[in-house]
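2 protein chains.
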Amino acid sequence: MTAPIHAFYAQSGGVTAVINATACGVIETARRCVEEGNPRIGKVFAGADGILGALFEDLIDTSLEPDAAIARLRHTPGGAFGSCRFKLKDPREERALFERLLSVFQAHGIGYFFYNGGGDSMDTAAKVARFASEAGVPLTVIGIPKTVDNDLTQTDTCPGFASAAKYVATSMREAGLDVASMARTSTKIFVMEVMGRHAGWLTAACGLASEGSEGDETPPHLLLFPEIPFDEKIFLPRVEHCVTRYGFCCIAVSEGARDTSGKFLSEQGVRDAFGHAQLGGAGQVVAQRIKEALGLKYHWALPDYLQRSARHLASQTDLEQSYALGKAAVEFALAGENAIMPTVVRLSDKPYRWKIGSAPLEEVANVERKLPREFIRDDGFHISDACRVWLAPLIAGEAYPPYRDGLPDYARFMNTRVPKRLPAFALKI
Amino acid sequence: MTAPIHAFYAQSGGVTAVINATACGVIETARRCVEEGNPRIGKVFAGADGILGALFEDLIDTSLEPDAAIARLRHTPGGAFGSCRFKLKDPREERALFERLLSVFQAHGIGYFFYNGGGDSMDTAAKVARFASEAGVPLTVIGIPKTVDNDLTQTDTCPGFASAAKYVATSMREAGLDVASMARTSTKIFVMEVMGRHAGWLTAACGLASEGSEGDETPPHLLLFPEIPFDEKIFLPRVEHCVTRYGFCCIAVSEGARDTSGKFLSEQGVRDAFGHAQLGGAGQVVAQRIKEALGLKYHWALPDYLQRSARHLASQTDLEQSYALGKAAVEFALAGENAIMPTVVRLSDKPYRWKIGSAPLEEVANVERKLPREFIRDDGFHISDACRVWLAPLIAGEAYPPYRDGLPDYARFMNTRVPKRLPAFALKI
Chain H
1 MTAPIHAFYA QSGGVTAVIN ATACGVIETA RRCVEEGNPR IGKVFAGADG ILGALFEDLI
61 DTSLEPDAAI ARLRHTPGGA FGSCRFKLKD PREERALFER LLSVFQAHGI GYFFYNGGGD
121 SMDTAAKVAR FASEAGVPLT VIGIPKTVDN DLTQTDTCPG FASAAKYVAT SMREAGLDVA
181 SMARTSTKIF VMEVMGRHAG WLTAACGLAS EGSEGDETPP HLLLFPEIPF DEKIFLPRVE
241 HCVTRYGFCC IAVSEGARDT SGKFLSEQGV RDAFGHAQLG GAGQVVAQRI KEALGLKYHW
301 ALPDYLQRSA RHLASQTDLE QSYALGKAAV EFALAGENAI MPTVVRLSDK PYRWKIGSAP
361 LEEVANVERK LPREFIRDDG FHISDACRVW LAPLIAGEAY PPYRDGLPDY ARFMNTRVPK
421 RLPAFALKI
Chain R
1 MTAPIHAFYA QSGGVTAVIN ATACGVIETA RRCVEEGNPR IGKVFAGADG ILGALFEDLI
61 DTSLEPDAAI ARLRHTPGGA FGSCRFKLKD PREERALFER LLSVFQAHGI GYFFYNGGGD
121 SMDTAAKVAR FASEAGVPLT VIGIPKTVDN DLTQTDTCPG FASAAKYVAT SMREAGLDVA
181 SMARTSTKIF VMEVMGRHAG WLTAACGLAS EGSEGDETPP HLLLFPEIPF DEKIFLPRVE
241 HCVTRYGFCC IAVSEGARDT SGKFLSEQGV RDAFGHAQLG GAGQVVAQRI KEALGLKYHW
301 ALPDYLQRSA RHLASQTDLE QSYALGKAAV EFALAGENAI MPTVVRLSDK PYRWKIGSAP
361 LEEVANVERK LPREFIRDDG FHISDACRVW LAPLIAGEAY PPYRDGLPDY ARFMNTRVPK
421 RLPAFALKI
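Here the protein sequences line up with chains H and R, keeping their order. Using my numbering, you'd call the opening residue of the first sequence number 1 and step up by one each time. Using my numbering, you'd call the opening residue of the second sequence number 1 and step up by one each time.
Honestly, the hints are just simulated from the structure, not real lab data. Any given hint could be a false lead.
Copies of the same chain are indistinguishable here, so a pair counts whether it falls within one copy or spans any two.
Pairs of lysine-lysine residues, derived as BS3-like cross-links and limited to a Cα-Cα distance of at most 27 Å, are as follows [what the hints assert, rightly or not]:
#1 K291 <-> K233
#2 K291 <-> K263
#3 K89 <-> K297
#4 K263 <-> K297
Quick caveat: nothing in here was measured; it's all calculated off a predicted structure.
The shape of chain H in the complex, shown without the other chains:
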């Protein structure tokens, strides 16, 4: 019997309500191999703060966590082992970083690398796979998708997106009822800014909250996508129309909404007391423009991190896919696949059926999938019926976490470190 080969798992980029469910899928599946007397994957080491954990040789030994703790990953939001925003560029520029990665992997008997992130991370994973292969180092690299932005190509959906989608749609429906009941004497304009710097998937999800044949009879009445340039001359009369017809107007704005010259709305409106431009307020800018032009009282909401960490309102579909993709990553690795990413393949909309597929990392890397034009209503201010059909099954099912004393009972982990075997590595982050 040969010594088992260990695995390294790292979370990358912005975390989500269900990224730990993917970690759970990876670790539980790897453990099952061991239990079945077929320990082709030994321990799963997790990177403390993502890929930095590999570079700094700061490894978490997940094998020390009892099964019950690992099971709790399924209902705990955030990144249990820490994540980071750190992109490995090109091996030709940063050869030392790639060599360091392989040294750490070799020092700890790591032969599997599972990288859980978005487009940038898939690019990194692809480069690591190529670098190892060229160096003649045996390493299996599997990317696992994750992003609330839903902007990865090759996969039908990205884990994390559907839960954030369920949250923003629910929030818009609830706030819309609030505004509707107060509009006669109070707020007439409600603006909610949602995530999605380059792609309008979460903005589109807000549209699910609206009902009625025209799609804008109940909130949200208007959606501002990053894919559609914001033109005040068209937009403001639409707002007026809604206020006249419904008594109020609820609007979802992408943080990445841009004006007709391509400039982010968030870059133009608001200044601090010192006159510095303040970023991050597309919703605020839109609300103010309406106030200035139409004189209507507004409120605006910025759910910010709340939307991507709202595990209390996670989608059951999302949870299942997040876990399944982690599980599939291990299974693909054991089946001898390399440099791929497991994907969700949609088989049918209604009833919703999906299966796991895969795509080469090279084809996923650095490609942003925007909201297709046919998912946006002709006038540019709402979602199309096709989009509604596509989105609907993703937010289905409520995957409630357990509660203790009235609050979600989220896990905290020991995150015990693996003793270091190498000298320290100098890296400025």
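Chain H is fixed; fit chain R onto it per the hints.
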């Protein structure tokens, strides 16, 4: 058998996730009287847009809604019949308004007035009761408490508060896990602004999210109450301390936080592109100050209406009390009480036990109950253990709404109007 006397029910001021549960308690209890062959309350008419419905004789006939629709009030947020911000001043100044109210009540055989609101509304209810009594018009007036601000006196808690409390505490816990996992390379400061212009109850509720013996080991690390003047010289070193010790700092800020000169933080920092001061950004101001002084990357969240309409995360305790207070209002009225408000009386903290009591409207009117100093930790930046014990039972229990197609299935009502019997009334709102 005498003709039944009808009732008028109106919602007032900002709506909540559970104000309709109170409406449900009122209407179902009144219906039960009728079913029991003792129709001392005939129909319940609801004011369209609150008290304006009475002034404009715009009455909704709730008797036309089937029992099943009324039952759905229990899980639908917002104000089902509409609410308003409109305060009747003094009968000596606005005699015509008070006379109009009584005319409309008399024209429709209304002898019971249930007014569901906050301190201002209790003041109005008290004045209406006195005016009717002095005019020799038989009218029973019962106030029913409601406010997410939890600032009414005489009652232990106010319906709506506990659900908003559960929401902000959950949101802070979730966002805190997100920030914790990213802090090494990304956001180090997270600020969430919560409601409560004059009283820090919702800010205090955020504190429930933190665990650990010192109360600030897990997010939120710092709370900024309206009751404690914001002093940058003390605050900024505390932020630095948290970042050093925990790697990040999560802060909940009341929208009503003020500086040491008593000026609202929201009134000072942010200006729009035209240089106009922008209100409503205490959280934004605090985040910017930290950025300017300490150079730390921040994110901030503004849940705004989301926090008071989040029926998807309502507290079971809150739901039960909201319903019970509506029910009690009708029972008190039938028992011959007048000019009172049913209250929640706490019997014990652990196990949590409460009963319904009552207080004269005059004693509730216009008194704001702030967070007591003993509920704030000595240093002013967190809640005390006493506060934790007091708050904990309020957020207990999850009262999930039904879901359809992945979203909460909230009711919409017919809101059929009662035919008018009086000439129109001129009123500028």
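Query - Alpha-carbon proximity between K291 and K233, which holds within one copy, between copies, both or neither at 27 Å - result: Close inside one copy (15 Å), not across copies (36 Å); limit 27 Å.
Query raised in the report: When no copy is named, should K263 and K297 be tagged within, between, both, or neither for a Cα gap of at most 27 Å?
Result: both (26 Å within a copy, 23 Å between copies)
Report task. Measure nothing new, just compare the shortest in-copy and cross-copy C-alpha distances for K89 and K297 to 27 Å and report within, between, both or neither. Result -> between (48 Å within a copy, 23 Å between copies)
Query raised in the report: At most 27 Å between C-alpha atoms: does K291 with K263 qualify within a copy, between copies, both, or neither?
Result: Classified as both; 21 Å inside a copy, 24 Å across copies.
Hint violations for this structure: none, all hints satisfied.
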